[in-house]
Amino acid sequence: MSWDWQVFCEDTIERQPVQGCFGKGGDITYLDWMLSAWGWTVSVALLALLLALVIGVVIGTLRTLPDRPMVVRLGNAWVELFRNIPLLVQIFLWYHVLPSMFVALQGVPGFVLVVFALGFFTSARIAEQVRSGIQALPRGQRYAGMAMGFTTFQYYRYVLLPMAFRIIIPPLTSETMNIFKNSSVAFAVSVSELTMFAMQAQEETSRGVEVYLAVTGLYIISAFAINRIMAFIEKRARIPGFVVAGGTGGH
Amino acid sequence: MKKHLLAWAVTALAASSALAQTGDTLAKIKASGSVSLGVRESSGLGYTLGNGKYVGFHTEMGEIVLSDIRKQLGLTSLEVKYQPVTSQNRIPLVQNGTVDLECGSTTNNATRQKDVSFAVTTYVEEVRIAVKANSGINGIKDLAGKNVATTTGTTSVQTLRKNERAGGIDFKEVYGKDHADSFLLLESGRADAFVMDGSILAANISKAKNPADFKIVGEVLSVEPIACMLRKDDPAFKKAVDDSIKRQIADGSLAKLYDKWFIQPIPPANVKIGLPISDATKAAWAAPNDKPMEDYVKK
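Chains as they are written, first to last, in my numbering: chain P, 1 to 251; chain G, 1 to 299.
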């Protein structure tokens with residue numbers, strides 16, 4: 001199998017090689033296109049992650065509130081709704097079904113809908129992690145907070161959440177990496193991201209191996225960058241003696 | 001034409017054994033009493049009804065070609081093995097001898113002619129525009145400022161881009177995951193037009209809830225000759241295939257076949273595609289040739 005990486009330097013109209021690999025004067029090369037597609041992938045993933053973290057933390061916390069069965073049930077319903085429907089189906093519900101029911105949604109670009117779909121889907125998974133993080137704490141911590149005379153809000157704020165958030169950083173790392181990989185479904189609603197670029201460019205150039213290798217590399221770089229950031233946060237946020245240091249095995 | 005992800009393993013495997021074959025297909029057919037016909041599972045010119053049954057305009061024409069070859073070789077019976085192929089694996093499978101003759105919806109272009117041979121052109125695909133009948137859009141000029149749908153992973157995306165550049169018309173592209181999705185974009189109003197192969201547009205419209213709501217309009221955006229594909233450097237086999245196709249054109253049986261698959265109701269749903277034979281296809285039949293797509297562009 002012979003390589004032909006030159007294909008990235010060709011412009012996307014006539015497929016002529018371009019000096020320097022970047023198109024000038026309105027022309028775009030496959031390299032330009034791929035980098036812009038990477039931008040879309042990163043934008044979708046980061047915005048969805050932001051949304052997922054905010055909603056996930058709120059819902060996950062609500063699900064552990066004592067003496068509020070209705071709120072807990074609502075939180076449970078949210079989680080079960082969004083994690084039991086396949087992501088691709090959810091994307092289509094947001095893109096095709098909801099706009100036909102609510103006319104106002106018709107003007108909303110696919111990009112925004114995909115951020116919501118991916119954000120809500122991931123929020124359910126993060127909510128589950130936040131809940132289990134809080135419930136993993138010894139019951140005594142909650143009681144200690146109450147004995148201090150804290151209100152519910154206060155003992156969550158000062159005792160439970162700071163501990164729980166630190167415990168769940170490792171699973172949260174997986175979730176943030178997943179969001180990058182899951183963002184590939186955005187191609188289905190015509191967001192011009194990496195997967196769409198790969199499918200389209202391989203058909204146009206017949207250089208599928210090179211195109212898919214390059215795109216795979218970009219996905220790995222993106223997900224791994226997030227992984228490193230999370231690992232840094234995990235290290236800095238560790239409570240000595242409480243959470244076992246990652247990577248060194250138990251002791 | 002056509003789409004989608006790679007069958008890596010098949011391609012790699014096929015490519016590795018590609019050089020092992022020597023080409024005298026007629027001798028091979030005669031010796032083995034069987035022939036392998038490459039067919040499509042889902043395309044305008046060939047598709048499956050399930051249970052290993054393959055039908056369609058090009059599939060049936062391929063069967064007639066093979067039965068002509070059986071007569072030419074003086075065989076009393078010839079076993080036809082159907083081998084479904086995809087856009088990704090069709091060329092390696094022809095090269096390595098898994099498929100002797102591929103009659104699907106493969107575009108004859110100069111790049112592919114380096115790897116395989118093509119029989120004479122039997123169908124000329126025209127890229128057209130489908131719109132809602134009441135949209136007031138009559139051609140590519142009316143698309144300024146509109147949303148235009150096409151399917152990810154097709155050459156129509158490139159065609160659209162070239163037309164946008166050449167005509168200086170600014171429109172917004174939206175991409176469907178597959179043809180059904182793209183048509184849904186048009187149906188639901190997310191797109192004002194759907195640009196794709198004429199046969200695919202006609203087939204989707206025929207399957208719509210109300211086919212009269214849609215129409216195909218405007219100029220032909222791109223022309224692609226479709227032909228059966230066979231191994232390179234096997235002139236005797238190519239001549240046998242070409243002769244059979246020319247015979248079918250001359251005695252009108254190919255026109256009858258066209259009528260059967262594009263004008264009359266077809267299985268499985270018994271709806272009509274309703275795509276009259278195009279001038280370009282008529283021209284290809286009037287003077288049978290194996291010119292690649294690039295020769296059509298120059299005109």
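Note that these hints are calculated values from the structure, not bench results.
Where a beta carbon is used, it is the ideal one built from N, C-alpha and C, also for glycine.
Be aware that a few hints might be false.
Label-pair distances were calculated between CB atoms; the ranges are [claimed, not checked]:
1) G:VAL223 <-> P:ASN76: 37 to 47 angstroms
2) P:PRO86 <-> G:PRO288: 25 to 35 angstroms
3) P:LEU81 <-> G:ARG165: 42 to 52 angstroms
4) G:ASP213 <-> P:ARG15: 34 to 44 angstroms
5) G:PRO265 <-> P:VAL58: 19 to 29 angstroms
6) G:ASN51 <-> P:PHE165: 52 to 62 angstroms
7) P:ARG15 <-> G:LYS256: 56 to 66 angstroms
8) G:GLY252 <-> P:PHE102: 38 to 48 angstroms
9) G:LYS207 <-> P:PHE102: 19 to 29 angstroms
10) P:SER206 <-> G:ALA27: 25 to 35 angstroms
Going through the hints against the structure:
One distance hint, 37 to 47 angstroms for the beta-carbon pair VAL223 (chain G) and ASN76 (chain P), is violated here, with the actual separation near 58 angstroms. For PRO86 (chain P) and PRO288 (chain G), the Cβ-Cβ distance of about 49 angstroms falls outside the hinted range of 25 to 35 angstroms, so the restraint is violated. Under the hint 42 to 52 angstroms, the C-beta atoms of LEU81 (chain P) and ARG165 (chain G), about 45 angstroms apart, fit the expected range. The hinted range of 34 to 44 angstroms is satisfied by ASP213 (chain G) and ARG15 (chain P), whose Cβ atoms lie roughly 38 angstroms apart.
At roughly 57 angstroms, the beta-carbon separation of PRO265 (chain G) and VAL58 (chain P) lies outside the given 19 to 29 angstroms, and the hint is violated. Distance hint check for ASN51 (chain G) and PHE165 (chain P): the Cβ-Cβ separation is about 57 angstroms, which falls inside the suggested range of 52 to 62 angstroms. For ARG15 (chain P) and LYS256 (chain G), the hinted distance range of 56 to 66 angstroms is not satisfied, since their beta carbons lie about 40 angstroms from each other. Taking the beta carbon of each, GLY252 (chain G) and PHE102 (chain P) are about 56 angstroms apart, not inside 38 to 48 angstroms as hinted.
For the hinted restraint 19 to 29 angstroms between LYS207 (chain G) and PHE102 (chain P), the CB-CB distance of approximately 28 angstroms keeps it satisfied. For the pair SER206 (chain P) and ALA27 (chain G), the supplied restraint of 25 to 35 angstroms holds, since their beta-carbon distance comes to about 32 angstroms.
Hint check: violations occur at hints 1, 2, 5, 7, 8; the rest are consistent with the structure.
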